[in-house]
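Chemist: Take a look at the letters that make up each chain.
2 protein chains.
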Amino acid sequence: MTKPRVVILGGGFGGMAAARALGKDADVTVVDRHNFQTFLPLLYQVATAGLAADHVAYPIRGALRAFDGKFRMGSPIEIDHKNKTVKLDSSEVLPFDHLIVALGSVTADFGTPGVEEFSLGMKSVHEALKIRAEVMRRFEDLCRFEDETRFGIAVVGGGPTGVEMAGALAELVRGPLMNDQKHAASHMDISLIEAGPRLLPMFSPILSERTKVSLEKLGVKVLVNTSVKQVKPRKISLGDGTVLPSEITVWAAGVKGSPALEYLSLPLDGNRLKVDASLEVTNYPNIWGIGDLAGAKGSDGKFLPMVAPVAMQQGRFIAAQILRKIKGTELKEFRYKDKGSMATIGRHKAVVEVNKIRFSGYPAWATWLFLHLFYLMGGRNRIGTVADWLWNYFTFDRGNRHIMDSV
Amino acid sequence: MTKPRVVILGGGFGGMAAARALGKDADVTVVDRHNFQTFLPLLYQVATAGLAADHVAYPIRGALRAFDGKFRMGSPIEIDHKNKTVKLDSSEVLPFDHLIVALGSVTADFGTPGVEEFSLGMKSVHEALKIRAEVMRRFEDLCRFEDETRFGIAVVGGGPTGVEMAGALAELVRGPLMNDQKHAASHMDISLIEAGPRLLPMFSPILSERTKVSLEKLGVKVLVNTSVKQVKPRKISLGDGTVLPSEITVWAAGVKGSPALEYLSLPLDGNRLKVDASLEVTNYPNIWGIGDLAGAKGSDGKFLPMVAPVAMQQGRFIAAQILRKIKGTELKEFRYKDKGSMATIGRHKAVVEVNKIRFSGYPAWATWLFLHLFYLMGGRNRIGTVADWLWNYFTFDRGNRHIMDSV
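Residue numbers (this note's numbering), protein chains in the order written: chain V, 1 to 407; chain C, 1 to 407.
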């Protein structure tokens, strides 16, 4: 029996989980515009100088070696349903028996003017390095003239990304930058803006409140019930007509399915890819949708959250589903197992919620640390340069093969 | 007694050695266009994906904390000798009692056309990341179409930088890239071009020969007695009229004193800063020149080599010299202590020459490794992410505060 040719569009959490789960059972080709997978949950630490950029990236080809998976760097531009091929921007045409669409998400501005021009997103290593560079450059500007000029950084969006970013920025400013130059660091203001009534709306209200208190203790100005009308150069117009000075605006208010979806002429459900409960694209047999861009719904009839655990579970599910289809076995329906949510705020400060179990503070922070270390275990990312050196030495490999000079 | 105000232009090996040696004895301000010091000897490992970019950089402010040194990000544009001030491109004017010019060097093209437009230098993290990105991007291009297209990378310059770069590229291609995609990797050609009759001319001929043999064993095509007439897109015109295909040309043929020197209207000796044996700029009391751009001479009457040990010894010397001058003690003459040269070629392959002692192979490689680890010890660069994390945790600091998004 020849192996089914499975083309996976997108080498993120979903796509790579599917590739790994298919393994040697299929002839897998992963397509991504980067030659590395980005560990998005730790991007905020790159943006705040805590982690080396190279250590939140992992070469896709490295992950595919175990089962001779193929990789193509590029973006899909067209699907030919008659000939069952997908065309890439390199003009290459890839034939497939099954196609997995796992293109992920991009920053959503919800129609707010100025977001694209005057704010920085949090969706790629390049963006994280840009935030780091901007923060440090402005800090150096403040160091130059020791006057009363203040400098504002605003993070928009009170979900986990915004909370983690605001907390890490506050710790950067209060710790290292304060030690570097006290006057400048004490003239930097960090705000976190949330349109809804509380931070981390997916958590229970008590954890939202604890998060707010923790951030305020770190010196973050938390503005809830505050909408952003427009992002402008060096300031933000708020919904109530006031203006917040913001030399750097980090936009972490939300994401939407990748715009690449538009080129592919597949059916949409809202702005997500329309999929059946089997995760097959509605009316397009052998084309599957997973992760942030797929419109899979939970038991409550709402779209599943755009988070890594959904994508990873769907990736593994879809691999089994494709093998079922090939064998002629009946397809199953995808059910998301919500293993809980967590967000870290700073040193010894985090919140964790698993079903009815909620905790915060040191135990939550230790749990967060352990799970992130555990998830990174797949790569050689935690052990840094000595690891790089020892690893290069013993495996005859080099781990940092990432193209990072452009978006 | 008030401390002398010492402004140090350049935060490289020389400038930072001077700053550290002055320490609390002076009111030190370091000026650099980057907010980090670059560990240049390991840049070739960043270019060849062996090391994370963040781990060959070290925040200058971090190094200055111990003695409350100041830092200004920027470049000097003018010295006012009457008022004893130096003006920066930020318009800031820094007063000084002593000025140390330690601006280092830039890539020298020796008038060869096309070097600036069509080759990549090896003088900054940004350039190293560009080489890495280009090599990996071209590799991905080759992976796309499995035909007989070959792909050439040429390294120009047979000094230590060129030798180390060519060796590391060969190991990258023969190891990791071969494991990624054999067909593509086996279609990549690496050449090393040297105008003189042998590689590593500062070493004894026997080590030059061993280096050549080692590189050839790694698959590098070594061309000696070969001059470069012009660098063009995708090829190099050689002195003998032939053309070498080269999709990526890395220019490691030499360096020259920083062009910033021209703005400063200080006396020149050739294209270096004219300094007395005391390292004071000739006829400019209290202005000192060290490192690659300073025209200090050895006992043979020739300029000292543009290498880190010279700059570091001069940095420490100049600190003592300034303190002597302040006390009214007689100035000394700088003498360079040549502690030998080394270059690494690849795994277990290096050459070391200390006076009459020469060795190569495994012992040389082990020596190289030990000394580079030892020199990196000052930073927190070797221990990578786990170190980053533990270090952030115990020191309340963040180590990667580098602005790296632009040249």
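Be aware that a few hints might be false.
It does not matter which identical chain is used: a pair holds within one copy or between any two.
[As the list claims (entries may be wrong)] Simulated crosslink set (SDA-like; lysine to any residue; CA at most 25 angstroms straight-line): (1) K70 <-> F118; (2) K123 <-> E134; (3) K327 <-> N83; (4) K70 <-> E134; (5) K232 <-> P267; (6) K327 <-> T2; (7) K182 <-> G111; (8) K229 <-> G328; (9) K274 <-> G301; (10) K24 <-> K229; (11) K182 <-> N83; (12) K130 <-> D338; (13) K130 <-> H34; (14) K332 <-> L40; (15) K130 <-> G74; (16) K182 <-> L88; (17) K123 <-> R234; (18) K339 <-> P259; (19) K274 <-> G328; (20) K130 <-> L42; (21) K70 <-> S186; (22) K302 <-> P113; (23) K302 <-> R358; (24) K182 <-> L94; (25) K130 <-> S75; (26) K82 <-> E116.
Simulated from the structure, these hints should not be mistaken for laboratory data.
Being a predicted model, the structure only gives us computed values, none of them experimental.
Chemist: Okay, which hints does this one fail, numbers in order?
Modeler: Violated hints (numbers, rising): 1, 5, 7, 8, 10, 11, 12, 14, 18, 22, 26; every other hint is consistent with the structure.
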